[in-house]
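If you want the building blocks of each chain, they are given just below.
Number of protein chains: 2
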Amino acid sequence: MQAEIISIGYELLSGHENTNASWLANQLSANGINVRRICTVGDDKNDIISSLNSAFEYSEIVITTGGLGPTADDVTKKVLCKYFDCNLVFCKSAYDNIEKLFKARGLNVTHINKKQAEIPEKARAIPNISGTAPGLWFDIDGKVLLVMPGVPSEMKMMFESFILPELKLKFKIPKIISRTVLTQGIGESYLSEVISDWEKKIPPQIKLAYLPSPCIVKLRLTVIENDGESFEHIIENLIFELNEIIGEYIYGHDNQKMEEIIGSLLSEKNLTVSFAESCTGGYLSHLLTSNPGSSEYYKGSLIAYANDIKIKELHINSQLIEEFGAVSEEVAIEMASKIKDKFKTDFAVAVTGIAGPDGGTAKKPVGTVWIAVAGKNNVSAQKFLFGENRILNITKASITALNLLRKEIIKYYYEK
Amino acid sequence: MQAEIISIGYELLSGHENTNASWLANQLSANGINVRRICTVGDDKNDIISSLNSAFEYSEIVITTGGLGPTADDVTKKVLCKYFDCNLVFCKSAYDNIEKLFKARGLNVTHINKKQAEIPEKARAIPNISGTAPGLWFDIDGKVLLVMPGVPSEMKMMFESFILPELKLKFKIPKIISRTVLTQGIGESYLSEVISDWEKKIPPQIKLAYLPSPCIVKLRLTVIENDGESFEHIIENLIFELNEIIGEYIYGHDNQKMEEIIGSLLSEKNLTVSFAESCTGGYLSHLLTSNPGSSEYYKGSLIAYANDIKIKELHINSQLIEEFGAVSEEVAIEMASKIKDKFKTDFAVAVTGIAGPDGGTAKKPVGTVWIAVAGKNNVSAQKFLFGENRILNITKASITALNLLRKEIIKYYYEK
Chain B
1 MQAEIISIGY ELLSGHENTN ASWLANQLSA NGINVRRICT VGDDKNDIIS SLNSAFEYSE
61 IVITTGGLGP TADDVTKKVL CKYFDCNLVF CKSAYDNIEK LFKARGLNVT HINKKQAEIP
121 EKARAIPNIS GTAPGLWFDI DGKVLLVMPG VPSEMKMMFE SFILPELKLK FKIPKIISRT
181 VLTQGIGESY LSEVISDWEK KIPPQIKLAY LPSPCIVKLR LTVIENDGES FEHIIENLIF
241 ELNEIIGEYI YGHDNQKMEE IIGSLLSEKN LTVSFAESCT GGYLSHLLTS NPGSSEYYKG
301 SLIAYANDIK IKELHINSQL IEEFGAVSEE VAIEMASKIK DKFKTDFAVA VTGIAGPDGG
361 TAKKPVGTVW IAVAGKNNVS AQKFLFGENR ILNITKASIT ALNLLRKEII KYYYEK
Chain S
1 MQAEIISIGY ELLSGHENTN ASWLANQLSA NGINVRRICT VGDDKNDIIS SLNSAFEYSE
61 IVITTGGLGP TADDVTKKVL CKYFDCNLVF CKSAYDNIEK LFKARGLNVT HINKKQAEIP
121 EKARAIPNIS GTAPGLWFDI DGKVLLVMPG VPSEMKMMFE SFILPELKLK FKIPKIISRT
181 VLTQGIGESY LSEVISDWEK KIPPQIKLAY LPSPCIVKLR LTVIENDGES FEHIIENLIF
241 ELNEIIGEYI YGHDNQKMEE IIGSLLSEKN LTVSFAESCT GGYLSHLLTS NPGSSEYYKG
301 SLIAYANDIK IKELHINSQL IEEFGAVSEE VAIEMASKIK DKFKTDFAVA VTGIAGPDGG
361 TAKKPVGTVW IAVAGKNNVS AQKFLFGENR ILNITKASIT ALNLLRKEII KYYYEK
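As given, the protein sequences belong to chains B and S, one line each in that order. Position 352 (the first sequence) corresponds to 352 in the working numbering; numbering is contiguous. Position 390 (the second sequence) corresponds to 390 in the working numbering; numbering is contiguous.
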């Protein structure tokens with residue numbers, strides 16, 4: 001079963017992010033519908049029609065979003081009448097919905113909104129609970145065209161409540177098995193060398209994808225489940241073998257987030273954590289607190305950006321900074337120990353480094369970062385050399401720090 | 001001049017957000033190159049080739065991103081050899097760059113990375129300063145195909161440093177005048193109502209685009225400059241008039257970032273700032289410190305997530321929290337005053353709120369945030385009600401806090 005998404009709107013061609021398409025692609029592929037292509041075109045008759053033609057060449061399901069608004073620059077309905085050689089007709093149920101929405105705000109339906117109840121006669125209306133533009137469902141020789149508004153909240157509700165359930169009924173959608181292994185601390189190319197023998201064992205039906213983002217590489221295995229053959233066990237075995245090869249780099253699976261994993265590890269044992277940040281400037285704390293419920297285990301941080309804050313607020317010995325520099329093993333360790341004592345937490349992490357673009361020296365170039373983790377009875381630090389890009393350095397240092405924390409928690413509270 | 005963007009990668013068809021395409025579309029359209037279509041396809045030979053064919057039917061410039069990695073699932077180079085009927089050849093300059101990147105990390109070039117220096121013989125390599133995959137430039141009968149890696153930082157640097165300047169030279173790209181007005185604190189639909197009369201005065205040659213992101217709406221005016229006619233003055237006038245109508249919401253222009261603006265305001269007058277964060281959990285500090293050189297004016301923050309950290313470390317009166325709650329005007333004001341004194345800065349900002357999803361009450365629902373700014377001789381707080389989404393609440397609270405800080409600095413140090 002194959003689908004194609006067509007996003008319609010000039011604003012998407014001048015820099016507006018297309019969050020609708022990625023949301024839909026995720027929904028479709030998670031439900032076993034393969035997305036072949038996503039196409040973004042302007043509100044232009046010819047471009048919309050040529051996209052529709054090319055989409056139906058390969059795909060049974062074509063979904064469009066956008067261009068259903070009441071203003072003159074929205075042309076999708078007009079173009080569809082042309083495409084299907086039919087006229088607009090008044091749709092009572094769509095009108096009733098528009099009237100209901102206006103009444104709820106104490107307003108009468110305006111002329112321009114009344115026109116939104118007109119739909120191409122070869123379509124049926126799909127209800128739009130939160131907006132005035134109905135969706136459109138076209139059946140064409142066993143294929144379907146689904147037309148939705150571009151407002152994300154309206155589109156999502158329409159898709160989840162009406163379109164997806166009906167698609168599942170109409171088409172026999174195969175079951176998709178997908179497992180993802182999350183790795184941190186190993187680059188994509190080195191990883192691919194290390195697991196190249198393992199990769200050769202993957203049966204051709206199972207697809208492997210490398211999904212890299214700063215400091216993290218996700219390995220995804222996907223297969224379409226057919227009658228008779230079961231791949232679930234084969235995938236489990238592959239993941240087991242992968243763990244033997246690169247276990248030290250694996251921090252989680254599937255949709256898990258690093259901060260979620262750490263959150264669960266901490267809250268399960270009633271543990272707490274605090275951070276002393278320098279070069280990461282709050283990003284490390286932000287990552288952990290982006291997880292809902294983080295107040296259960298995260299107590300707070302001191303962002304000691306200036307040296308005098310390190311000295312006066314974090315009580316780092318100023319001689320230590322003078323002798324070894326603020327970016328040093330000694331200072332990192334001291335920062336982690338001090339914040340752990342001060343904030344009375346079970347764990348603490350400290351990060352001090354040179355994010356750049358300035359501040360680097362021959363001995364300590366931009367990208368040099370020391371990360372210290374203070375645990376049950378110990379504290380230790382590691383040095384990293386990231387790159388020259390400030391934002392990437394901040395991101396990589398924070399993710400690496402979280403993973404070191406994760407390993408430390410496991411070492412002392414989960415491994416016997 | 002028309003361009004088409006082809007994003008390559010199966011991950012984009014299963015829900016990964018395509019930020020490259022929107023960034024490129026923004027760059028192209030801001031530089032007078034009309035984007036006709038954005039197409040996302042998988043790492044599949046046939047789909048890539050049919051996209052290339054269809055793109056070159058209409059557009060002189062075709063840009064692809066993705067599929068240049070060293071692993072087996074990246075097929076773009078192989079497909080291009082097929083498309084142009086040529087072989088891969090070793091490219092010395094690309095190899096030198098790979099070697100340089102490896103040496104900087106004290107590593108030897110691996111076999112798989114050496115292969116990244118091979119490029120189709122009909123292309124020339126475009127330098128990649130921060131990554132191992134070179135870009136590719138193909139000239140085809142007056143049209144061009146530009147092939148870039150999918151890693152956003154590498155792609156952006158390659159486009160800005162090498163591709164855009166050469167495109168401008170090669171094609172007679174008409175001069176585009178583009179001015180953007182940056183607003184904060186006013187929603188898109190309300191904004192469009194407030195400026196509807198102003199909008200009617202815009203001559204038809206000048207295009208207005210609304211570019212909304214959380215808590216910020218950018219208004220972009222663009223016009224293609226023709227010989228004889230000059231629009232520069234008309235646009236300046238329009239911006240002047242806009243300032244009369246919505247001046248209180250305008251925080252900057254064009255490519256300025258809020259954190260850059262604040263950085264300049266502070267460093268010009270030798271001023272410093274510190275933050276006391278609760279619900280924003282470090283994101284406010286992160287925004288300011290993402291600006292290079294922020295150590296000049298930013299001294300540090302205390303992230304007082306737990307109430308006992310607010311009491312013991314920030315010295316907030318525990319009775320104040322008991323009486324008014326941690327999310328209150330009183331506590332916000334006290335947090336800002338205390339951090340300003342403690343960190344000895346000229347300004348301080350405090351944020352306390354309920355980011356959600358839990359913790360809301362009937363009186364203080366999720367999304368309630370108090371932001372206090374302590375300035376020269378005064379401190380005051382404002383209440384905001386954002387929404388139900390945790391990440392959006394953190395983002396909106398942080399951006400709003402920065403803008404309040406900006407206003408306070410201007411009020412006391414820049415306005416007479």
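There's no promise every hint is true.
No copy labels: a pair is met if it fits in one copy or bridges any two.
Here are the computed lysine-lysine pairs in the DSBU-like style, where the Cα-Cα straight-line distance is at most 30 Å [said to hold, decoys possible]:
#: 1; residue 1: K411; residue 2: K122
#: 2; residue 1: K82; residue 2: K200
#: 3; residue 1: K78; residue 2: K201
#: 4; residue 1: K92; residue 2: K312
I should point out that these hints are in silico values taken from the structure, not numbers from a laboratory.
Going down the list of hints, with the structure as the test:
| no. | hint | result |
| --- | --- | --- |
| 1 | K411 with K122 | neither (60 Å within a copy, 54 Å between copies) |
| 2 | K82 with K200 | between (51 Å within a copy, 25 Å between copies) |
| 3 | K78 with K201 | between (52 Å within a copy, 23 Å between copies) |
| 4 | K92 with K312 | neither (61 Å within a copy, 53 Å between copies) |
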